[in-house]
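Peer 1: These protein sequence lines are chains A and B, in that order.
Position 81, counted from 1, in the first sequence is what the working numbering calls 85; the numbers after and before it change by one each time, with no gaps.
Position 88, counted from 1, in the second sequence is what the working numbering calls 92; the numbers after and before it change by one each time, with no gaps.
Quick caveat, the hints were computed from the structure, so don't treat them as lab data.
Incorrect hints may have been included.
Given that identical chains are not distinguished, each listed pair holds provided it fits within a single copy or across any two copies.
Computed list of lysine to aspartate or glutamate pairs in EDC-like fashion (alpha-carbon distance at most 20 Å, straight line) [stated by the list, open to error]:
| id | residue 1 | residue 2 |
| --- | --- | --- |
| 1 | 42 | 126 |
| 2 | 85 | 186 |
| 3 | 42 | 54 |
| 4 | 166 | 131 |
| 5 | 106 | 186 |
| 6 | 28 | 167 |
| 7 | 81 | 143 |
| 8 | 128 | 91 |
| 9 | 171 | 190 |
| 10 | 39 | 70 |
| 11 | 27 | 54 |
| 12 | 39 | 153 |
| 13 | 135 | 75 |
| 14 | 42 | 57 |
| 15 | 39 | 120 |
| 16 | 39 | 91 |
| 17 | 10 | 70 |
| 18 | 81 | 130 |
| 19 | 106 | 83 |
| 20 | 128 | 41 |
| 21 | 10 | 54 |
| 22 | 39 | 57 |
2 protein chains.
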Amino acid sequence: MNFPSKLIENAVNQLSSLPGIGKKTALRLVLHMLKQDKNNINQFGNSFIDLVENINYCMNCYSVSDNKMCEICSNPKRDQKTICVVEDIRVMMAVENTHQFKGVYHVLGGLISPMDGIGPTDIKVEELVQKVENGNIQEIIFTLSTTMEGDTTNFYLFRRLKDSGVKISSIARGISIGDELEYTDEITLGTAIISRLPYENSLSK
Amino acid sequence: MNFPSKLIENAVNQLSSLPGIGKKTALRLVLHMLKQDKNNINQFGNSFIDLVENINYCMNCYSVSDNKMCEICSNPKRDQKTICVVEDIRVMMAVENTHQFKGVYHVLGGLISPMDGIGPTDIKVEELVQKVENGNIQEIIFTLSTTMEGDTTNFYLFRRLKDSGVKISSIARGISIGDELEYTDEITLGTAIISRLPYENSLSK
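Generate the whole structure from the sequences, applying the supplied hints.
Peer 2: The following block contains the structure:
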């Protein structure tokens, strides 16, 4: 694209460097910005500079946090002995929204993905193993996506932790609430039959 | 959404203020940024601050420009007597890409849209009328979208300019090159029949 202005070109290139945003979308967004109040765009730009300059990670769970320790880890009402292992804070926020989990989290910061060159040392695996070795942990709950990368990470973590004596569980895989069975794919349906539960345990909460 | 960090929340709110970007997408983009180099994100933020602080509009055509007058308006090879009226620089860039137009542009900065509260005084209509009254213009080419807003703007501009003696034309509406006629909507097909041309004029260039 031939831009009539270097400033526009620069802003478009920056926006389109984000995943899922192409040059045309970026240009549309930049033109939208130019119709906004100047202060708003200054705030827009500064919010990202603020973010990287001041972002902090919880020293316990590696979630992002404004303090040294995040609100969940420093909450005495949360069960510090039960750890929910998640890929990133999006999954953490999703689990928090269910109000079904009273333990703490461990944010891996990614999944093992040989295709993308991400190995166990690129995510917070050693830190989790260390936590378990330090004792005082009762249960580790793998809460990873049911994808190739999620399963690979689950398997690797399991191999590293299985001799620690800590209870290791994984969230249930089965039919989504509200799903109609005739449209469910056969792998999910097959897994759900193999993982069947006593009826009184299977009711949705 | 309950964010674990105010900084994240702020960045997500800023990104999701852009049209077509929701909170979940914004959070995905912000987490992507956090995996990038700190300098990259500083550059990202600064590109928008730069943009609004230093953006300039061409004094002749109202396109964005790094100088007082844009490259097209200050190019002596361009025909200053033929003006292509466009909605914004995206259309201008699209017309430039065709390499079929050797005149100059007039960027309205929007279309008349009573539904959105945009009237003739909110876009550069008076400036165009003024240009024509100042003389030295031979032809005005309306190059606006074939939407309700585009047609309204065309009609308003035509009424304002029709007594000036300047030739007023509009880009051709018809069948897109490569379109199969059985799938063309009837309004386009009807317009194309009414606007038929001598065969030797109708070949695509």
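Peer 1: Quick check: which numbered hints come out false for this structure?
Peer 2: Violated hints: 2, 5, 6, 9, 18; rest satisfied.
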